[in-house]
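Protein sequence lines correspond, in order, to chains A and B. Residue numbers are given in the working numbering: position 186 of the first sequence equals residue 867, and the series is strictly consecutive. Residue numbers are given in the working numbering: position 196 of the second sequence equals residue 582, and the series is strictly consecutive.
You may find that some hints are simply not true.
Computed cross-link-like contacts, DSBU-like style, restricted to lysine-lysine with a CA-CA straight-line distance of at most 35 Å [to be verified]:
(1) A/Lys754 / A/Lys870
(2) A/Lys941 / B/Lys466
(3) B/Lys598 / B/Lys510
(4) A/Lys941 / A/Lys750
(5) A/Lys754 / B/Lys558
(6) B/Lys558 / A/Lys941
(7) B/Lys598 / B/Lys466
(8) A/Lys870 / B/Lys389
(9) B/Lys510 / A/Lys717
Examples of chain A residues toward chain B, derived with CB under 8 Å [unchecked claim]:
(10) Met747
(11) Pro749
(12) Asp820
(13) Met821
(14) Gly827
(15) Leu828
(16) Gly836
(17) Arg914
(18) Leu922
(19) Leu963
Derived from the structure by calculation, the hints contain no laboratory data. Just so you know, these numbers come straight off a predicted model, no measurement behind them. Note that the Cβ used here is the ideal one computed from N, Cα and C, for glycine as well.
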Amino acid sequence: MGVSASVSASASGGWVSSRKPVTWSAIVVRQYFRNKGAVVGAAILVVVVLVAVLAPVIAPYDPYAMHPKEQLKPPSEQFLWGTDQYGRDMLSRVIHGARISLMVGFAANIFSVALGMLVGISAGYYGGRYDMLVMRVMDMIFAFPGLLLAMSIIGLIGQRGLIWVVIALSIVWIPMYARLIRGSVLSAKENTYVEAARVVGMRGGRIMWRHILPNTAAPVIVVASLCVGVAIRNAAALSFLGMGAQPPTPEWGLMLFETKQFLRINPWVTVSPGLAILLTVLAFNLVGDGLRSALDPRMKVD
Amino acid sequence: MLKYIAQRLAAAIPTVLGVCVIVFSLMYFSPYDPVAAMANRFHLNAEQISNLRQELGVDRPYLVQLGNWFVNLAHGNLGKSFVQSLPVLYMIEARLWTTAELALAGMGLATVLGVGLGVLAALKENSLADSASMVVALIGSAMPDFWLALMFILLFAVTLRWLPIVGQGDLKHLIMPATVVALTEAGVIARTMRSSLIEVRGEDYVRTARAKGLRERWVIWRHALANALIPTVTIIGINMSAVLGGVVIVETVFSREGIGRLVVDSVLFTDTPVVQGSVLLASLVFIFVNLGVDILYAFLDPRIRYGGNR
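Take the sequences, apply the hints, and build the full model.
Printed below as a string of structure tokens:
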């Protein structure tokens with residue numbers, strides 16, 4: 682408590698505020714940190730991001746460097762998390778994997794959000810038959826289960842690799858973001874200042890940019906934070922199936938794919954990348970939930 | 387009620403048609419040319435290549451091909467696999483039950499676990515049991531299913547030697563895969579169940595029932611639970627599609643001969659007709675499951691039946 686503007690009486694009997702006014706962002710931040718889960722999630726996320734950014738600096742070895750005599754060794758003094766089947770240091774690989782996974786997760790969602798926004802705002806604002814048509818097409822894409830659709834896109838394109846994973850995953854989520862944003866637009870349209878802007882003669886595009894767009898931000902932020910986690914997990918899943926990252930990239934899902942045959946020999950090699958995925962996705966989930974309750978507990982996010 | 391069902395069916399048909407068109411178009415416009423790939427692999431000469439093109443019908447314009455595809459579809463002909471030269475429909479049929487068995491078992495187990503956990507958490511709201519259950523649910527939904535599958539294999543198959551790793555057909559082959567699927571889905575179900583039960587418990591009609599002097603158990607079962615189930619059922623329906631995706635991974639890890647693995651293998655070998663056929667099937671299943679959920683929803687909540695505002 683105590684962040685609210687404090688007031689003091691002035692000599693003439695009126696009230697004078699002597700503190701900076703409380704901003705909306707300050708309230709949101711404070712509400713966010715009340716939620717224990719959200720704090721834990723944010724902490725984990727900060728660690729993961731730092732690891733990813735500082736990867737070349739903190740990784741003890743080059744993730745691609747092989748040590749032929751040290752294959753599949755358990756954790757030791759020399760290799761803190763053991764080595765994989767080519768003698769590469771697992772710790773360095775997992776650290777670099779963080780970088781790759783975060784990039785993939787963010788990239789996929791940025792494209793999705795951008796295109797979804799384009800579709801959603803225009804459909805919601807202009808309405809009518811355009812809206813109906815666009816939403817029908819979105820529903821058709823939405824009719825496919827996510828991972829399956831991403832796989833089929835990759836399959837029909839005929840190429841493998843992380844870039845295609847990013848493209849496929851972003852296509853898969855456009856309908857969800859479009860629908861979400863359209864919902865916000867529909868309710869934002871009802872505001873009087875929009876009507877006022879139109880009366881004054883503001884062009885549609887400008888209205889959309891200045892008045893409607895900021896209203897769509899909140900649910901998008903919540904859903905996006907959850908979806909980056911989902912993207913990371915799906916990208917790892919696709920790499921696990923052989924369609925995503927290709928060897929020797931140190932991607933977490935690919936690491937599981939390459940080492941699953943060695944379960945009997947050295948299980949630790951499969952435990953560490955999987956745990957990394959779990960923790961990262963968990964962190965994003967917690968942060969997303971925390972943001973949702975901080976921004977507005979009653980917000981419609983479906 | 388019947389009118390509602392008819393309405394929903396009618397709305398589903400254009401979606402199905404649209405899905406068919408999209409699936410076909412994706413293949414048509416993709417940069418991958420199966421004929422060129424085959425020509426490379428089998429060292430065909432020019433004449434064989436043009437014969438092949440004619441045979442596959444890929445040298446005709448878009449609309450003609452689309453039309454042909456639909457005609458074939460109506461006859462139940464989904465084409466032949468590029469890799470195995472078997473009819474796609476046959477390949478799918480052979481694997482259908484394995485996948486269905488896994489999906490149903492997994493979803494069923496997930497529902498039991500999720501609803502149980504959610505109800506427990508809601509009844510003991512804000513206690514240790516509540517927080518613990520929700521943490522478990524949270525971890526469950528964040529868990530990468532391929533990793534969980536590997537850990538299960540490590541524990542039950544490699545270390546304890548209780549269960550087999552690969553194959554399908556009987557219960558002991560089904561336990562691990564179904565449990566993996568269930569654990570990843572149960573988390574979401576538990577959380578939805580908990581929040582909707584908490585919300586319903588605070589409603590007026592529940593308070594009225596208690597005031598009438600009915601036993602707590604009866605109140606919970608009859609009034610609260612049924613209504614709390616409504617959003618949960620919706621989530622379960624939505625998650626059926628996630629299960630279709632999750633089944634893919636689980637089938638691959640446990641080497642089950644199912645549709646999921648068929649899709650993966652055909653993607654890896656760029657066996658386009660099989661990819662097309664399975665994607666079509668998956669989306670049809672999804673659409674009809676959603677239809678089923680909608681109908682169930684109307685059954686549970688009479689307001690929907692009589693055309694309330696949606």
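Q. Does the structure break any of the earlier hints, and which numbers would those be?
A. 1, 7, 10, 11
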